[in-house]
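As given, the protein sequences belong to chains C and W, one line each in that order. Each residue of the first sequence is one higher than the one before, counting from 17 in my numbering. Each residue of the second sequence is one higher than the one before, counting from 375 in my numbering.
Calculated from the structure, these hints are not laboratory results. All C-beta atoms in this analysis are idealised placements derived from N, C-alpha and C, irrespective of residue type, glycine included. You may find that some hints are simply not true.
Here chain C is said to cover these stretches of chain W; the calculated rule only asks that three of the stretch's residues, wherever they fall, bring their Cβ under 8 angstroms from a Cβ of chain C [claimed, not checked]:
#	segment
1	405-419
2	427-437
3	511-521
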Amino acid sequence: MSGISRRKLMMGGAAAVAGLSGLAVADRVARRYGLIPPDARGRYGPGEALTYAAQRLLMRHSQAMEFSRGMISKTPFMNEVAPLGKEFLAHQALGFRDWTLKIDGMVARPMMLSLADVKAMGTRSQITEVACEEGWSYIAEWIGTPLSMVLQEVGVLPQAQYVVYRSIQPNWWESVDMADAWHSQTLLTWGMNDGDLPVGFGGPLRLRIPRQLGYKSVKYLTSITVTDSMKKFGRGRGSATAEAGYAWFAGI
Amino acid sequence: MPATVTETTTTAPRHTLVVRVTHWLTVVAFVALLTTGLEIVVSHPRFYLGEEGNVNVKPLFTIPIPSSRDTVPTGYGYVMPDQNGWSRYLHFEAAWGAVLTGLVYAIAGLWDGHFRRDLVPEKKDRNWGAYWGGITKYLRREKPDANETRSYNVMQRTAYLGVVFVVFPLMIWTGLAMSPSFAGAFPLTVILLGGRQTARTLHFFLTWVLVLFVVVHVVMVSVSGFWGRMRAMTIGSRKGKGV
Numbered sequence: 017m018s019g020i021s022r023r024k025l026m027m028g029g030a031a032a033v034a035g036l037s038g039l040a041v042a043d044r045v046a047r048r049y050g051l052i053p054p055d056a057r058g059r060y061g062p063g064e065a066l067t068y069a070a071q072r073l074l075m076r077h078s079q080a081m082e083f084s085r086g087m088i089s090k091t092p093f094m095n096e097v098a099p100l101g102k103e104f105l106a107h108q109a110l111g112f113r114d115w116t117l118k119i120d121g122m123v124a125r126p127m128m129l130s131l132a133d134v135k136a137m138g139t140r141s142q143i144t145e146v147a148c149e150e151g152w153s154y155i156a157e158w159i160g161t162p163l164s165m166v167l168q169e170v171g172v173l174p175q176a177q178y179v180v181y182r183s184i185q186p187n188w189w190e191s192v193d194m195a196d197a198w199h200s201q202t203l204l205t206w207g208m209n210d211g212d213l214p215v216g217f218g219g220p221l222r223l224r225i226p227r228q229l230g231y232k233s234v235k236y237l238t239s240i241t242v243t244d245s246m247k248k249f250g251r252g253r254g255s256a257t258a259e260a261g262y263a264w265f266a267g268i
Numbered sequence: 375m376p377a378t379v380t381e382t383t384t385t386a387p388r389h390t391l392v393v394r395v396t397h398w399l400t401v402v403a404f405v406a407l408l409t410t411g412l413e414i415v416v417s418h419p420r421f422y423l424g425e426e427g428n429v430n431v432k433p434l435f436t437i438p439i440p441s442s443r444d445t446v447p448t449g450y451g452y453v454m455p456d457q458n459g460w461s462r463y464l465h466f467e468a469a470w471g472a473v474l475t476g477l478v479y480a481i482a483g484l485w486d487g488h489f490r491r492d493l494v495p496e497k498k499d500r501n502w503g504a505y506w507g508g509i510t511k512y513l514r515r516e517k518p519d520a521n522e523t524r525s526y527n528v529m530q531r532t533a534y535l536g537v538v539f540v541v542f543p544l545m546i547w548t549g550l551a552m553s554p555s556f557a558g559a560f561p562l563t564v565i566l567l568g569g570r571q572t573a574r575t576l577h578f579f580l581t582w583v584l585v586l587f588v589v590v591h592v593v594m595v596s597v598s599g600f601w602g603r604m605r606a607m608t609i610g611s612r613k614g615k616g617v
């Protein structure tokens, strides 16, 4: 150890102190600007925070890739879902005539919308890819109503930070930040490849978030809650998948 | 041998502190990335070319292992446990570790001349003859030149430069090309590779290039004096042979 002089030790100590206080400052700034994801706790917290902060600093407004009509998958893969419950089957028997989407939380005008109400708010279609965290993917045309149009209608309050959304299936809920909630490609999807959205792909209503992996695109959507904090939901990690050990931010 | 012993306290260490620290940080990150990467593959051990790929698409090849998803036809009658949650968390955390470590290493290497001095092949060696000479020397298992205890030969230099400046960047590129939000922000990164699934397949092949490098690297270190080289890459001492 003779190689390490007192001078070197002092320099090293100073660098360590500077580094630690630098980290503390970075953490405070990141929290203030909403760059810390709800699941940034535990041993994988630092990695998650770095990924999410980098994404939001560098590509907050980017668009997911869109493809030509010729690239639409001839054999889109219908992923398996848990057996559909009684409530869903009753809706299906009625042709989803009474399906409703509830929007509440930090909004000026909470609403209960029928599928027809949602469709009346506007239509957009996009040819985007569903990419699963497992590695597989397929491309389809998705037709629906941008979530932003519905958010406009209900009047999101300024303190809103996240949008929580739930399936009719038990314990299937997710959330995104406002950058993804207002994003022009975030689609309340009710059509696929020029037809109604099939049940196997999430019909009658699925929230497509094409900038993130498939598991953020919750099927059989029934409610949306705008909130200022994820601490009020579940164990505070931001989604059912995050509480099952998966990353909340699935842009990567 | 006496010459090397007297060098221990008088000359600079074989590897600079930055090289030693970043080397071991990279080892930790690499082990984490490899384990979690293979774990993620288990959830879909099929590989494709182009943009899309799923069980309804003919794969380029499949790996004959059981899968952690029952939607993947593997021929096995059972399903492995799902480990993707922590595997993906750790994969990206370790990727950050590798990238940040690599940045420190690269900046230091440019700054202190490590690349220019130690890794770029020497002028006299920038020809096919030098490589051929190096290969035949290895094949004949000849003793290394005296100066190879202090510096790398042309084969080593090329291998290290290739891993640092070609394989690692390609690994990061093909990895990021699989991120839907990164791909959206920089679509050319995916288009140039030939699609999302091609990126995934390349990422998988590059893994084996790195594994092959590590195997050869560890074999060479062992053959040329394991503990001496371990000392050189840890405490930095030149003591011992061939460090």
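Quick rundown of the hints versus the structure:
1. By the rule of at least three residues with a Cβ nearer than 8 angstroms to a Cβ of chain C, the coverage given for the segment 405-419 of chain W holds, with 4 such residues.
2. For the segment 427-437 of chain W, the stated coverage by chain C is satisfied: 5 residues place a CB nearer than 8 angstroms to a CB of that chain, which reaches the threshold of 3.
3. Chain C is given as covering the segment 511-521 of chain W, and this is violated because 0 residues of the stretch bring a CB closer than 8 angstroms to a CB of that chain, at least three being needed.
Hint 3 from the earlier list is the only one contradicted by this structure; the remaining hints agree with it.
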